[in-house]
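The lines below spell out each chain.
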Amino acid sequence: MNEFQVSILFAAVVAGAAPIILATLGETITERAGLINLSLDGSILLSAMAAFVTAYLTHSVAVGFIIGALVGALVAVLVAVFSIYLSQSQVAVGFVLTLMARDLAYFIGNPYSRLQGPQVMPLPIPLLADIPFFGPVFFNHNWPVYLSLVCIGILTWYMYRTPMGLALRAVGEHPKAVFARGMDPKKLQLFYAVCGGLLVGLAGATFSLSTKPGWGRPQGAEGTGWIALALVIFGGWHPVKAAIGAYLFSFLQVMGIYLQGWLPSIPTQVFQVAPFPLMIFTLLLISLAQKEAFLARVEKMPWIRPFIQMLSGTPPSALGKPHEAE
Amino acid sequence: MTMAQITSPGPAQLLKFVREFGLTLTVVVLFTTLVLLIAGAPPLDAYFYILKGSLGSWVKISHVLKTWVPLTLCGAGLLYTFRIGLWNIGIEGQVMMGAVFATLTLRLGLNSQWPMWFLGLSFAAAALGGGLWALIAGFLKTKGGVNEIFAGLGMNFVAQGLILWLIFGPWKRPGVASMSGTEIFPQSLWLPYISSLRLSPAAIALAVTAVLITAVMLRYSRIGLCLKAIGGNSQACVLYGLTPTHFMLLAMMFAGGFAGIAGCLQVSGVYHRLLPAISSNYGYLALLVVMLSNYNVWVVPFVAFFFACLNVGSIQLPMMLQLDSSLAGVIQGALVLATLAVSAWRGRRAKIFEAQTQEAVAK
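Protein chains in written order, with the numbering used here: chain A, 1 to 326; chain B, 327 to 689.
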């Protein structure tokens, strides 16, 4: 492959990763605040449907994105209220919402299937887009892709460099301490669930208005929500590492298309399910990396240590355990 | 946890149940009607077609029962894993692997002189297939520390990939491989059925047996007690000399085995071939069934029957009203959420009431 093709490949990876990054970052915020929003796979589809339908009816992509984000936030609010204020199992509510949001999307979106609707226009950044290699890879996309790139930076800065970010991390680690500092852990968790939901909704809108334009059953975004949930763990609940995971996954997807062309003897189904065993394998490594016996055995294999270090991440200690006021 | 809470019904509790049920139903009907109005559909017509399409004739009822059987089998299996506190989301893949193992056995019996033997053998193979698939997720959880939700989910996608590969690869139909599945088995390898209804009594009998076995196992056996104890407090059980991981694997095996049999029935009793959508989301749906049944084994068959009615009845919607059949899933999800909300709300009120009476007594 010459340089020209490589830049096209990487540009496709960056563009394809945009919705996955948005969803992964959204879930990272939510989980850092101590709440698991398991409904991602359904809420991405529901917001994709809502975004496409409103954009189609109003002929405005911007309105579509706003409605998509709001729908994502709405599902997140449901999960948060059920778990924080009604003390129901987050996993149960999240799972029910996964199935229900998906079916709701198929039901309401049915009349709008396979229609030609509005799409986000490409927006090459002047001057920067002309840089060889980096120009086409990073600066010749549309604005949701730039948004995904900017969000990684903003979120990392917010989480690790601001007082609000400290409160966000604290409420996921030790809600009682946050309570003692005079803040309401429940309100904080609800707030960050909404923030995360907005990003998940934007991810859905990005799917139906940019990455895989249009609506149908199946839309093509099915399964992404589960991938995003796994990437949060893969990234050790850190936005930058999670984004790297999203790029790796997008790379796998793009390579799958290439490999199908090169190796027609291997059935296409193998490439489609390849990320999932990989997901299990990484989760296994992450969990093993925290076990002393495993580390002792690996000690003799120095080449493996950087991998383990990269994968080691501890979940927020109050994840999934809502704060109970005394 | 409300998971293991089983109380004997008294008149006061019955009244409370009726009141909660009425409130839940009102919320769900209002929500569904709203959804139908948003979709621009006549709500009353939609409800009527769902009712007529599920209970309107004996043939329709036999369709409902065909859906009821796998839902009940999976529901019974899930009770074991829920009892010990595991979220066996991988049940969907366990149904698929049961179907794969059953198809494999039936293919071996294609030119045999004793097809009934292979038919019988296919159930054992399916239970083994589902059980093994569940065991993988179980070992990933107990030995590898991988959350069972992600392990199970990943395994579901792998099973789906395996089925697609088999249908388009080694087991493809002579001529063109297609999404319509493998070649249909000869009638000698079909589960015996009542010809007017195309319903096999053996399938119904299996589902009923599964419920009975589960009820006895969970309520009266040592294993059932251990599962419940570990689900309640696994650390305390270690002190009593129980090994939680062993029971987790056992529960996974039971769930996978029942799910595998459901997959086998889909092949030998319903479709008579392997399809890409052989599991029809029954595993995922069974999770909702068990949640709505409040993890009570005697309630599971009834909720499963109601869910089956919704699934079969909503097939009429695309034909009659040009709507998507996924309305069934919307109603089912709304039911579970509304039930959780109503019981949580009533729980809160009961707590406040208790606190007030205690205060009054203290004064």
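If you're looking for bench data, these hints aren't it; they were derived computationally from the structure.
Being a predicted model, the structure only gives us computed values, none of them experimental.
One or more of the hints may lead you astray.
[To be verified] Interface residues of chain A toward chain B, partial, derived using beta-carbon atoms under 7 Å: (1) 88; (2) 104; (3) 194; (4) 276; (5) 279; (6) 285; (7) 314.
Glycine included, C-beta positions come from ideal geometry on N, C-alpha and C.
Comparing the hints with the structure gives:
{"no.": "1", "hint": "88", "verdict": "5 Å, holds"}
{"no.": "2", "hint": "104", "verdict": "5 Å, holds"}
{"no.": "3", "hint": "194", "verdict": "19 Å, violated"}
{"no.": "4", "hint": "276", "verdict": "4 Å, holds"}
{"no.": "5", "hint": "279", "verdict": "5 Å, holds"}
{"no.": "6", "hint": "285", "verdict": "9 Å, violated"}
{"no.": "7", "hint": "314", "verdict": "13 Å, violated"}
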